[in-house]
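Just so you know, the protein sequences line up as chains A, B and C, in that order.
With the first sequence counted from 1, adding 22 to any position gets you the numbering used here.
With the second sequence counted from 1, adding 64 to any position gets you the numbering used here.
With the third sequence counted from 1, adding 1032 to any position gets you the numbering used here.
Be aware that one or more of the hints could be misleading.
SDA-like cross-link-like pairs, simulated, lysine to any residue; straight-line CA separation at most 20 Å [said to hold, decoys possible]:
#, chain 1, residue 1, chain 2, residue 2
1, A, K431, A, Y396
2, A, K383, A, K228
3, A, K262, B, I214
4, A, K257, B, K252
5, A, K257, B, I219
6, A, K257, B, I214
7, A, K257, B, Y340
8, A, K443, C, K1338
9, A, K196, A, F393
10, A, K257, B, L71
11, B, K252, B, D267
12, A, K160, A, K374
13, C, K1338, B, R168
14, A, K377, A, K290
15, A, K290, B, L216
16, A, K377, A, K196
Some, not all, of what chain C presents toward chain B, calculated at C-beta under 8 Å [said to hold, decoys possible]:
#, residue
17, L1047
18, V1048
19, W1050
20, L1136
21, A1138
22, G1146
23, L1329
Some residues of chain B that are not near chain C, with every Cβ distance over 12 Å (derived) [what the hints assert, rightly or not]:
#, residue
24, L75
25, V131
26, R143
27, V242
Quick caveat, the hints were computed from the structure, so don't treat them as lab data.
Remember, it's a predicted structure, so these values are computed and weren't measured experimentally.
Note that beta-carbon positions come from the ideal geometry of N, C-alpha and C, so glycine has one too.
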Amino acid sequence: MRKSRNSATSLSRRTIMKGSLMAAAASGTATFFGPWRHNRVWAQGAKPIKLGLTCDASGQYGNSGQDDLRGMRLAIDEFNVKGGVLGRKIEWTTADTETNPATGTRIAERFIAQEQCGFLLGAVHSGVANAITQVAAKYGTIYFNTNSSAPSEAGENCSRVKFVWDGNGTNFSKAAVQNALEKIGKRWLLLTNDYVWGHTTSAATKAQVEKAGGQIIDNLLIPQNTRDFTSYLLKVQQIKPDVIATAVGGDDIKALRQQVSDLRLEDKAAWINNQQDWPDIWGAPETLFGVFGTTWYHLLPLPGIAEFVKRWQTAYPQSPIPVPGNVSYNGYMATRELLRAIVRAGSTNNLKVIKALEGHKMTAADRMQHFDAYIDPATHQVQQTIYLARRNAKPVDKTDLYEIISWTKPESALDDAAPGKCKLKPDAEVPSYEI
Amino acid sequence: MGTLLNLLPHLVNGITLGLLFALIALGFMLILGLMEQINLAHGSLFALGAYFAYAICAPRLPLPPDVLGMWAAVPLGWRFAAAVVLAPILVAPFGLVLERLMRRTYGRDPLYGLLLTFGVAMVLEELIRMVWGTRDYILPVPREMSGGFIMLDLIWSTYRFWAAALAIVAMAGVWAIVERTRFGAMVKAGAHDSEIVQALGIDLTRLRVWVFVLGTMLAAFAGVVLAPLWGIRPHMGVDAVVPAFLIIVLGGVGSFWGAAIGGLLVGMVVGLSGAYASEWSMLSMYLLLIAVVTLRARGLFGKKSVLEV
Amino acid sequence: MAPGRLVPTFTPAMLVSWLLFATVPMWIERVGLYQYLGVEILIFAIYALAYNLVLGHAGLPSFGHGAFFGIGAYAFGLAQFNLAASLWVGLAVAVLAAGLGGTLVALFISHRRGIYYALMTIAFGQVFWFIAIKAHSITGGEDGLLKIERLPVALGIVTFDLRDNTALYYFVLAVFVGVSLLLWRLVHSPFGRIVKAIKQNETRARFVGYDVWRYKAAVLIISAALSGLAGGLFSMAQTSAFPDVMSLHYSGYVVMMTLVGGGLVSFWGPVVGAVAFFLARDMIGALTTGWMLWFGLFFVALVLFKPEGIAGIFAGLATRKHKTTSAPVSNPQPQER
Chain A
23 MRKSRNSATS
33 LSRRTIMKGS
43 LMAAAASGTA
53 TFFGPWRHNR
63 VWAQGAKPIK
73 LGLTCDASGQ
83 YGNSGQDDLR
93 GMRLAIDEFN
103 VKGGVLGRKI
113 EWTTADTETN
123 PATGTRIAER
133 FIAQEQCGFL
143 LGAVHSGVAN
153 AITQVAAKYG
163 TIYFNTNSSA
173 PSEAGENCSR
183 VKFVWDGNGT
193 NFSKAAVQNA
203 LEKIGKRWLL
213 LTNDYVWGHT
223 TSAATKAQVE
233 KAGGQIIDNL
243 LIPQNTRDFT
253 SYLLKVQQIK
263 PDVIATAVGG
273 DDIKALRQQV
283 SDLRLEDKAA
293 WINNQQDWPD
303 IWGAPETLFG
313 VFGTTWYHLL
323 PLPGIAEFVK
333 RWQTAYPQSP
343 IPVPGNVSYN
353 GYMATRELLR
363 AIVRAGSTNN
373 LKVIKALEGH
383 KMTAADRMQH
393 FDAYIDPATH
403 QVQQTIYLAR
413 RNAKPVDKTD
423 LYEIISWTKP
433 ESALDDAAPG
443 KCKLKPDAEV
453 PSYEI
Chain B
65 MGTLLNLLPH
75 LVNGITLGLL
85 FALIALGFML
95 ILGLMEQINL
105 AHGSLFALGA
115 YFAYAICAPR
125 LPLPPDVLGM
135 WAAVPLGWRF
145 AAAVVLAPIL
155 VAPFGLVLER
165 LMRRTYGRDP
175 LYGLLLTFGV
185 AMVLEELIRM
195 VWGTRDYILP
205 VPREMSGGFI
215 MLDLIWSTYR
225 FWAAALAIVA
235 MAGVWAIVER
245 TRFGAMVKAG
255 AHDSEIVQAL
265 GIDLTRLRVW
275 VFVLGTMLAA
285 FAGVVLAPLW
295 GIRPHMGVDA
305 VVPAFLIIVL
315 GGVGSFWGAA
325 IGGLLVGMVV
335 GLSGAYASEW
345 SMLSMYLLLI
355 AVVTLRARGL
365 FGKKSVLEV
Chain C
1033 MAPGRLVPTF
1043 TPAMLVSWLL
1053 FATVPMWIER
1063 VGLYQYLGVE
1073 ILIFAIYALA
1083 YNLVLGHAGL
1093 PSFGHGAFFG
1103 IGAYAFGLAQ
1113 FNLAASLWVG
1123 LAVAVLAAGL
1133 GGTLVALFIS
1143 HRRGIYYALM
1153 TIAFGQVFWF
1163 IAIKAHSITG
1173 GEDGLLKIER
1183 LPVALGIVTF
1193 DLRDNTALYY
1203 FVLAVFVGVS
1213 LLLWRLVHSP
1223 FGRIVKAIKQ
1233 NETRARFVGY
1243 DVWRYKAAVL
1253 IISAALSGLA
1263 GGLFSMAQTS
1273 AFPDVMSLHY
1283 SGYVVMMTLV
1293 GGGLVSFWGP
1303 VVGAVAFFLA
1313 RDMIGALTTG
1323 WMLWFGLFFV
1333 ALVLFKPEGI
1343 AGIFAGLATR
1353 KHKTTSAPVS
1363 NPQPQER
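Take these sequences, add in the hints, and give me the full structure.
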């Protein structure tokens, strides 16, 4: 872990604070300690651009957070080899956000105020992403939610400073539900992880199912960190649904998969696991079952992927997960696009970088996916190809765990409700800064 | 009738769960009974048992590769059996050290023992994080004990019943030791009146060490048995020690049958509430405790103890 | 302390600490820390002082105090969303709600002592924590109650904005000074003396004719209410309220802070403990992720060798010339240090 080396540079910020205090006093207004919205200006020149990587190293998403980090670091290293961005080196710092929103708040405060990070990246858990967004919005700091796929992230909890890089629960539901309903049956049971991602994802599934004429017979809420699923599995057997749609993540879904496959319950009903993250798969591949969603797979037959996987493996020969998956991919893509956006903006000014990102189009070849992607200007979500997969019966090597069964255009998997729920603040209300 | 049939599986689930809870509480009860010490590190010893079992079953031990290879070639059934026996023995020294530390708190307000073991629990949890990392592990179960079987038209986990059976064996063993041996008689006498025991020429210090080691090994044994069901992760200790604490108070301090029945009661309440309001089921045990202890100050079978000072 | 003796409004140690705290925003960034950390430290100092009323002064081991802190945090946010967007209303509701929670718990446990007291507080703490997680529609569940505003301090003609961490720090400092004055007064009032008598010997106190139950209940309720105040401030600092401050772990942290600082022997000890705890977390935490290991070892060593905590170590050094023995006290009392 790298530590902050530039605590001395924080002086200028203090000076400004004092200045504004005196100005407020002098102008005779009643608001002391204000105006709060000051613009941070630091000395220009060859000063490095610093990124704060808010990655879980422990808790439910500890594994995924670290895989996310590997993707981000690869992108940063590739830019630094080419001479950085705007002639400036990219530095980074990371700290364990512990899959815990309160810790996320504190780390974000520390990264912005103490470590002088100009940009924050990383999150797998929607609660942590929310918490970081709040702090980032307060300072105007641009934040990339790399891997949290709660529909609310680009809906009611969206922000002008936040960009969401993963496909969300609604996207996956849209890609999966219609088909399953027609082919398998109308009686659906939901298993929902008891937090925002679980709730909003299951709500999206429910809406899709009911729209297509299906019926939700029950929704079992599963507390985070549940390991013993016996009572849920008994209820599942008693209810006898046609389809079981799960929105369970991280180590929880790993434990659930283990218990379901141990009891051979995977054949009792059709299982649809909303999105499965590669780090959760890799821990226990033999328990993979049902149909599930993803945004990327390292053996997609597309140009550039083999070469990317090789670069990633060269950078991380010791990685506990031997190949990049969707989580590391998202971390890489997000970081690369941030740095490219800074180049396009020709500045680290947050408002200019936001402008360079909004509506930005990325070609399929560039994204290593089947279809072109774009950053939705209304919600700040990256609209991208959505894949459905199942366990591969004929793997070519020991990492070939998926059989990709469909790929859906971003336009067909669009979360139609999101723009109505997302109210982005106008630029004028975003504190501006430049590092 | 239909409702009853629907409920039956949850009742069976509750009973197996209750036996497992009682198993966790057993070592805790022993140490509390004789030493009048609350061992909050009980959960960490439980966790250590699970981690050692994992190290034995899924060989990534720091051994020469050929030795490791030979061990990995041993059938999982034998490795699992070795873990059940060896893990408690490996954890026992931790209990010895803890007992040494606790000696300073004997005769003082029991609050100090509680605080000491709270600190030790925190230290052990961090040590586990440093050695094994923060990720989850799954303890592999031998083929003969895993999988499912059909009962009441439902598929059940075979291992769960193996675990419940192991819990019964451990409980019977402790019962035999406490009720049928000279050692047990001394332990019970010591719990009752330590001065008389010393006057009879019994070495109370040694007695305490043995009780502590036995309690520690029971904690580790519970950790091994429960690891395949609850998974292995650093804070699994907290998940175990709180129910243990609760069961003892529910059942009554110093009562073997209190612990057993307390465990079963908690299991049933959690299991049955799981049938109707699964997401609230873990709360039910706390409500049960508050209700019971409000009505019966010393729990179901409790006698007067140091805890009321 | 002899009854009737005049007690000063505050001690030199308190005054020096307040002045020192007042200078913190001027240098905290120069030593490589950040303003927000100062806010958290002061809030937990308030919390630990309030908690010590129960643990140190009344000798009641509560292990579920996080519940009251958390109730205060949620109440502040909920008042803001549903009642009125006023700082004063929010803080008042936080104090009231936590006090109400304390009253409920006190009804069940005030006739308890020792470890049974500890156990029942754990059970109640868990119940509140569970409710906070499960009552999504009210608390936001595991993701917490978000978008809580840092409301301005409205003092009639002038208004202070608290959105900046430095401004919030000074506001929290003002509350901290107020709470410490109040608690100091309370501890040295006739009420405080009776509480101390109950701690020393509950049976005797009852025999003398005090209604022990009512005093024990009152102590818990006051402590809970002030913990709720700290919780309200915390939700403002974090602009959110999260359930994990109500967990057993967090309840344990405040016990650790209070003991490490020396709450058992010193009124001011909990403040020392809160500072030590957060500095350890941020400074050792920057070097190694296993900071809790070192803090835990330090805690274990203190319980074993110096249950009087950091304050006790200093006091021991100060009185060494008088050859005072520092043998562990079996039932130590907070003194006026």
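Here's how the hints hold up against the structure:
1. A:K431 x A:Y396: Judged against 20 Å, a Cα distance of about 12 Å means the pair holds.
2. A:K383 x A:K228: violated, 31 Å
3. A:K262 x B:I214: holds, 15 Å
4. A:K257 x B:K252: violated, 44 Å
5. A:K257 x B:I219: holds, 11 Å
6. A:K257 x B:I214: The given pair, whose Cα atoms are some 15 Å apart, holds under the 20 Å limit.
7. A:K257 x B:Y340: Within the cut-off at roughly 10 Å; holds.
8. A:K443 x C:K1338: violated, 57 Å
9. A:K196 x A:F393: holds, 17 Å
10. A:K257 x B:L71: The hint holds at about 10 Å.
11. B:K252 x B:D267: Cα-Cα ~14 Å, so holds.
12. A:K160 x A:K374: holds, 18 Å
13. C:K1338 x B:R168: Measuring from Cα to Cα gives roughly 11 Å; hence the hint holds.
14. A:K377 x A:K290: Cα-Cα ~51 Å, so violated.
15. A:K290 x B:L216: With a Cα-Cα distance of about 16 Å, the restraint between A:K290 and B:L216 holds, given a limit of 20 Å.
16. A:K377 x A:K196: violated, 30 Å
17. L1047: This interface hint is violated because 31 Å lies over the 8 Å limit.
18. V1048: Result: violated, 29 Å to nearest chain B Cβ.
19. W1050: The hint is violated - C:W1050 has no Cβ within 8 Å of chain B, the shortest such distance being about 30 Å.
20. L1136: violated, 11 Å
21. A1138: violated, 13 Å
22. G1146: holds, 5 Å
23. L1329: The hint holds - C:L1329 has a Cβ within 8 Å of chain B, the shortest such distance being about 6 Å.
24. L75: holds, 23 Å
25. V131: holds, 30 Å
26. R143: holds, 30 Å
27. V242: Consistent with the label, B:V242 stays out of reach of chain C, its closest Cβ about 22 Å off (over 12 Å).
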